[in-house]
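Colleague: Below are the chains, spelled out letter by letter.
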Amino acid sequence: MSLTIGDIAARLGAEAAGDLSLQVARLRQPDEAGAADLALAIDPEFAEKLKGRAVRAAVVADGADWQAMGLEAAIFSGRSRYTMAGLSRIFDRDPAPAPGIHPTAVIDPTATLGEGASVGPHAVIGAHVTLGPRARIAGQVTIGDRVTIGADAYLMPGCRIGSDVTIGDRFIGQANAVIGGDGFSFVTPQPNKVEDYMAKGSITESLDPTEYVRINSLGSVVIGDDVEVGANSVIDKGTVSDTRIGNGTKVDAQVMVGHNVQVGEKTLLCAMTGIAGSTEIGNRVVLAGGVGVADHISIGDDSIILAGSGVTNRVPPKSVMMGYPALKQEVFMNIFKAMRRLPRLAEKVTDLQNRVSKPDHKG
Amino acid sequence: MSLTIGDIAARLGAEAAGDLSLQVARLRQPDEAGAADLALAIDPEFAEKLKGRAVRAAVVADGADWQAMGLEAAIFSGRSRYTMAGLSRIFDRDPAPAPGIHPTAVIDPTATLGEGASVGPHAVIGAHVTLGPRARIAGQVTIGDRVTIGADAYLMPGCRIGSDVTIGDRFIGQANAVIGGDGFSFVTPQPNKVEDYMAKGSITESLDPTEYVRINSLGSVVIGDDVEVGANSVIDKGTVSDTRIGNGTKVDAQVMVGHNVQVGEKTLLCAMTGIAGSTEIGNRVVLAGGVGVADHISIGDDSIILAGSGVTNRVPPKSVMMGYPALKQEVFMNIFKAMRRLPRLAEKVTDLQNRVSKPDHKG
Amino acid sequence: MSLTIGDIAARLGAEAAGDLSLQVARLRQPDEAGAADLALAIDPEFAEKLKGRAVRAAVVADGADWQAMGLEAAIFSGRSRYTMAGLSRIFDRDPAPAPGIHPTAVIDPTATLGEGASVGPHAVIGAHVTLGPRARIAGQVTIGDRVTIGADAYLMPGCRIGSDVTIGDRFIGQANAVIGGDGFSFVTPQPNKVEDYMAKGSITESLDPTEYVRINSLGSVVIGDDVEVGANSVIDKGTVSDTRIGNGTKVDAQVMVGHNVQVGEKTLLCAMTGIAGSTEIGNRVVLAGGVGVADHISIGDDSIILAGSGVTNRVPPKSVMMGYPALKQEVFMNIFKAMRRLPRLAEKVTDLQNRVSKPDHKG
Chain Y
1 MSLTIGDIAA
11 RLGAEAAGDL
21 SLQVARLRQP
31 DEAGAADLAL
41 AIDPEFAEKL
51 KGRAVRAAVV
61 ADGADWQAMG
71 LEAAIFSGRS
81 RYTMAGLSRI
91 FDRDPAPAPG
101 IHPTAVIDPT
111 ATLGEGASVG
121 PHAVIGAHVT
131 LGPRARIAGQ
141 VTIGDRVTIG
151 ADAYLMPGCR
161 IGSDVTIGDR
171 FIGQANAVIG
181 GDGFSFVTPQ
191 PNKVEDYMAK
201 GSITESLDPT
211 EYVRINSLGS
221 VVIGDDVEVG
231 ANSVIDKGTV
241 SDTRIGNGTK
251 VDAQVMVGHN
261 VQVGEKTLLC
271 AMTGIAGSTE
281 IGNRVVLAGG
291 VGVADHISIG
301 DDSIILAGSG
311 VTNRVPPKSV
321 MMGYPALKQE
331 VFMNIFKAMR
341 RLPRLAEKVT
351 DLQNRVSKPD
361 HKG
Chain D
1 MSLTIGDIAA
11 RLGAEAAGDL
21 SLQVARLRQP
31 DEAGAADLAL
41 AIDPEFAEKL
51 KGRAVRAAVV
61 ADGADWQAMG
71 LEAAIFSGRS
81 RYTMAGLSRI
91 FDRDPAPAPG
101 IHPTAVIDPT
111 ATLGEGASVG
121 PHAVIGAHVT
131 LGPRARIAGQ
141 VTIGDRVTIG
151 ADAYLMPGCR
161 IGSDVTIGDR
171 FIGQANAVIG
181 GDGFSFVTPQ
191 PNKVEDYMAK
201 GSITESLDPT
211 EYVRINSLGS
221 VVIGDDVEVG
231 ANSVIDKGTV
241 SDTRIGNGTK
251 VDAQVMVGHN
261 VQVGEKTLLC
271 AMTGIAGSTE
281 IGNRVVLAGG
291 VGVADHISIG
301 DDSIILAGSG
311 VTNRVPPKSV
321 MMGYPALKQE
331 VFMNIFKAMR
341 RLPRLAEKVT
351 DLQNRVSKPD
361 HKG
Chain W
1 MSLTIGDIAA
11 RLGAEAAGDL
21 SLQVARLRQP
31 DEAGAADLAL
41 AIDPEFAEKL
51 KGRAVRAAVV
61 ADGADWQAMG
71 LEAAIFSGRS
81 RYTMAGLSRI
91 FDRDPAPAPG
101 IHPTAVIDPT
111 ATLGEGASVG
121 PHAVIGAHVT
131 LGPRARIAGQ
141 VTIGDRVTIG
151 ADAYLMPGCR
161 IGSDVTIGDR
171 FIGQANAVIG
181 GDGFSFVTPQ
191 PNKVEDYMAK
201 GSITESLDPT
211 EYVRINSLGS
221 VVIGDDVEVG
231 ANSVIDKGTV
241 SDTRIGNGTK
251 VDAQVMVGHN
261 VQVGEKTLLC
271 AMTGIAGSTE
281 IGNRVVLAGG
291 VGVADHISIG
301 DDSIILAGSG
311 VTNRVPPKSV
321 MMGYPALKQE
331 VFMNIFKAMR
341 RLPRLAEKVT
351 DLQNRVSKPD
361 HKG
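Chains as they are written, first to last, in the UniProt record's numbering: chain Y, 1 to 363; chain D, 1 to 363; chain W, 1 to 363.
There could be a bad hint or two in this list.
[As the list claims (entries may be wrong)] No more than 30 Å apart at the CA atoms, straight line, and that leaves these computed lysine-lysine pairs for DSS-like: (1) Y/Lys337 <-> W/Lys49; (2) W/Lys337 <-> D/Lys318; (3) W/Lys318 <-> D/Lys200; (4) D/Lys328 <-> Y/Lys200; (5) D/Lys348 <-> Y/Lys328; (6) Y/Lys328 <-> W/Lys337; (7) W/Lys193 <-> Y/Lys318; (8) Y/Lys348 <-> D/Lys193; (9) D/Lys348 <-> W/Lys318; (10) D/Lys328 <-> Y/Lys193; (11) D/Lys337 <-> Y/Lys328; (12) W/Lys337 <-> Y/Lys337; (13) D/Lys193 <-> W/Lys328; (14) Y/Lys348 <-> W/Lys348; (15) D/Lys328 <-> Y/Lys337; (16) Y/Lys337 <-> W/Lys348; (17) D/Lys318 <-> D/Lys328; (18) W/Lys318 <-> W/Lys337; (19) Y/Lys348 <-> W/Lys337; (20) W/Lys193 <-> D/Lys348; (21) D/Lys193 <-> W/Lys193; (22) D/Lys200 <-> W/Lys328; (23) D/Lys328 <-> W/Lys348; (24) D/Lys337 <-> W/Lys328; (25) Y/Lys200 <-> W/Lys348; (26) Y/Lys348 <-> Y/Lys328; (27) W/Lys337 <-> D/Lys200; (28) D/Lys328 <-> W/Lys337; (29) Y/Lys348 <-> D/Lys348; (30) Y/Lys337 <-> Y/Lys318; (31) Y/Lys337 <-> D/Lys348; (32) D/Lys337 <-> Y/Lys200.
Simulated from the structure, these hints should not be mistaken for lab results.
Use the sequences and the hints to build the structure in full.
Modeller: Structure, rendered in structure tokens:
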């Protein structure tokens, strides 16, 4: 891959200066960049690292003195991370499967693939599947029966799409992600004693469930447009209705979304977050890494749950929560500060007790 | 799929009324159900949602006035979730592989498959494997050498069964689950300093292990009857003896069971729970979501560990535990309530100090 | 497999006594061992279990009276777990793929495989891949374009190596591990409000991100020599530079290493540990099970983070930390002990208030 500075600037919609015909092959950090690379030097601290290197071109902050940096050409960045998104598209060497259907792929004759779809080696596509145009199905993906996926999907190796799943446009499913696992739902012939005891906090007899009878998932998973699901994440099917993920929501790696969960739009579920069955997550919510959310509750729109928290109760919109059980961040921090002083507080109380008890205290 | 109300009631062992010859195609929630569906309206609240819809048949609570709901036929439910389990079997459209062995499957000539077994595309079955009757092996499953699995197994796409694993009847392994990963077990040439320092709480020199020498897993995994393992879960092999999962135990998605762990019967391991090496979990235990259990300890029969807890010590039978480190639920809740009042308590102590110190306090 | 006691002792570099020509087939715990097995009886407690069994040979502690145990031959152990590592290599029946390239494997003609490499059924190897000598690639592994892996690699079924990943010698990638997932990195057209609100702890308006624009991962993953990655773990690519894992570091199952993370040498990442983006983990660090580490921080060399902890700030070298947010172990334990007494402390304060307020207290 070799691109001119002028081309890159044009594709970014950014200003550029110097030798616009200069060609670069890769985007690199200043301390790893060579003469054939475009250095990423928006941050003044990084620009400093260009000194003494053979770098000829860089992306720099608006108004930066690129010539003083020893460059022959420069692209000016507006908002740095947004520029980064554009650059990452331009320089991406994404290992998409080669165009066309690999001869080892097993595709049911009733499946319909959109124009320009590619299917990699050993992929398996079931009956009555519909894939939109330009779908990129990597090797060893499986797609179950009656699945519908919109335009421009990209499924990475080992991604598993269960039967009856419906997904919108521009979906990305990373390696070994499972969309449409079976929900964890069992019933006992007699009334189950577990919930009683969880409420009471003590157990007086055996919990013997006689047997657990499985409730198969009759619902499936419905996913909107512009959704991504990270590597090894799992989204379970609903029991009767569908588990749902709204438009523009991004799911990181090793996330678990339980059966019947409803996730809104433009919500972020960061790595290792788990959402138990039938819970509703609103729009524009951020669940940071390692968050656990109990079943049958709701988290309101525009809320942020900080990393490692365990949410056990309904969260109103626009809340910032942390801890286990999760509390408002301000409340948690006040308690946490007081906890850090707790050993000292205990000493103070002992001291007070001594003083109040002493005869001579009484004057 | 089309079934009559009479057939469904007969298969459920339930009472029915009205036009028993009426045919329905799917089970649906009242607000999603149409004229061709059987609505699930056991809960009176859901029954209310039938109003104004074209629904002709529903499952209703015992004694419900189905004709007043505008229905032409009704099935009466006993215990609602148990009825649900039966309904979920009747309406299941489980994407089982087509009968027979797909020509792309690679099956070692020494493997033995029971009567009626089906094997999907690109599945790989190793040497000296024995599968019971009616096994359903989906596409892209791998089964290692010398594995034995009982009757009616269902392995979903990408499920990995390691070598020498033994599994009973009616096993379900969901997509990308790994049964028989290698245990995480390393040894250092010199005595390892880590445990000393963990006990002491301070580190005075480099932990340099020189090198970690791997202990290969010579044991395997032994799983009883009626066990299910969820998507992307991992059960590691034992070091010398086997890791064991008892009859009727259900393992949710993204659970991690370490080497040498012994799990009893009819126990539930909910999503994202991790059990460290050599720990014993009793019978009829519930580990709720996101629970961590330390190595070399035990959790007694009929215990419940609430979601997000970290168990660091032995738990007696019939305990309800929560928190990190986990405490009895009642103890935890008393502490948690006191913690919430802790900032106020600190103020009280400061106030007391002021009053006790003031000269005029002494009266 | 059948080995003589003499051969085993020689391979271990250990002393042996008795009938060195005696043959054994398997290594077993004393209570599971039979006449054809070598019993593992180093621990005196285990040696006791040999009584009354048909066992003829055992590994025993240095100086143990093997003849009194009823044995015909014995191997003497030095450091028991180190001996165990040697034994586990000798008795390993690791299901390596059969030598050679399985005809169903799909290997790009530009890939280069070292001498003695084996590739299992349905494996997929991309363009410009280089595998070192004796690589064992199990069935259904995928290796992306431009990947380089050193000598003696072992990739288990379903292991996914993303494009441009570089790995050293003696690498083990367990089943369904994903090396080189795409980083979770998104940018919004306007400045993102999430970080502001996380700092402030309260949200005053909608977080509406308009849209999340994806930053593709241009970096990849660089892994040193002697590294193992457990089942279903994920290591994400870097954004511009590479995510790095140092020599001799061992990663357990279901671990998540985020984009740009730098992990040092001989470090242990135990099961279900997650490290957020751009964080640096030093050398010889132990992150016990279920640890979460925030983004953009560092954990110093020779530190131990106890299981279930959440690390939110920089950790100096040689620290032992626990809790959430993680504190020094000693500090945490003091607070935890005080918390356990907190309900009693609150009573004391109430009692003091009563006494200080009472008129007769004033003497």
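Colleague: Please work out if Y/Lys348 and W/Lys337 have their alpha carbons no farther apart than 30 Å.
Modeller: Holds, because 16 Å separates the two Cα atoms, which is no more than 30 Å.
Colleague: Run the distance test for W/Lys318 versus D/Lys200: straight-line Cα separation, threshold 30 Å.
Modeller: holds (12 Å)
Colleague: Check whether the Cα positions of D/Lys337 and Y/Lys328 lie no farther apart than 30 Å.
Modeller: Answer holds: D/Lys337 to Y/Lys328 is near 15 Å, not above 30 Å.
Colleague: Straight-line Cα separation of Y/Lys200 and W/Lys348 no greater than 30 Å?
Modeller: Roughly 28 Å separates the two Cα atoms, so the pair holds.
Colleague: What's the verdict on Y/Lys337 and D/Lys348, does the C-alpha distance respect the 30 Å limit or exceed it?
Modeller: holds (16 Å)
Colleague: When you check the alpha-carbon spacing of Y/Lys337 and W/Lys49, does it fall within 30 Å?
Modeller: violated (53 Å)
Colleague: Straight-line Cα separation of W/Lys337 and D/Lys318 no greater than 30 Å?
Modeller: holds (25 Å)
Colleague: Is the Cα-Cα distance between D/Lys193 and W/Lys193 30 Å or less?
Modeller: Given pair D/Lys193, W/Lys193 is violated - Cα atoms ~45 Å apart, limit 30 Å.
Colleague: Between the alpha carbons of W/Lys318 and W/Lys337, is the straight-line distance 30 Å or under?
Modeller: Between W/Lys318 and W/Lys337 the Cα gap is close to 24 Å, so the pair holds against 30 Å.
Colleague: For a C-alpha distance cap of 30 Å, please report whether D/Lys318 and D/Lys328 respect it.
Modeller: holds (11 Å)
Colleague: Below or equal to 30 Å on CA atoms is what counts here, so check Y/Lys348 against D/Lys348.
Modeller: With Cα atoms ~11 Å apart, Y/Lys348 and D/Lys348 stay inside 30 Å; holds.
Colleague: Straight-line Cα separation of Y/Lys337 and W/Lys348 no greater than 30 Å?
Modeller: holds (21 Å)
Checked against the numbered hints above, the structure breaks hints 1, 8, 9, 20 and 21 and satisfies the rest.
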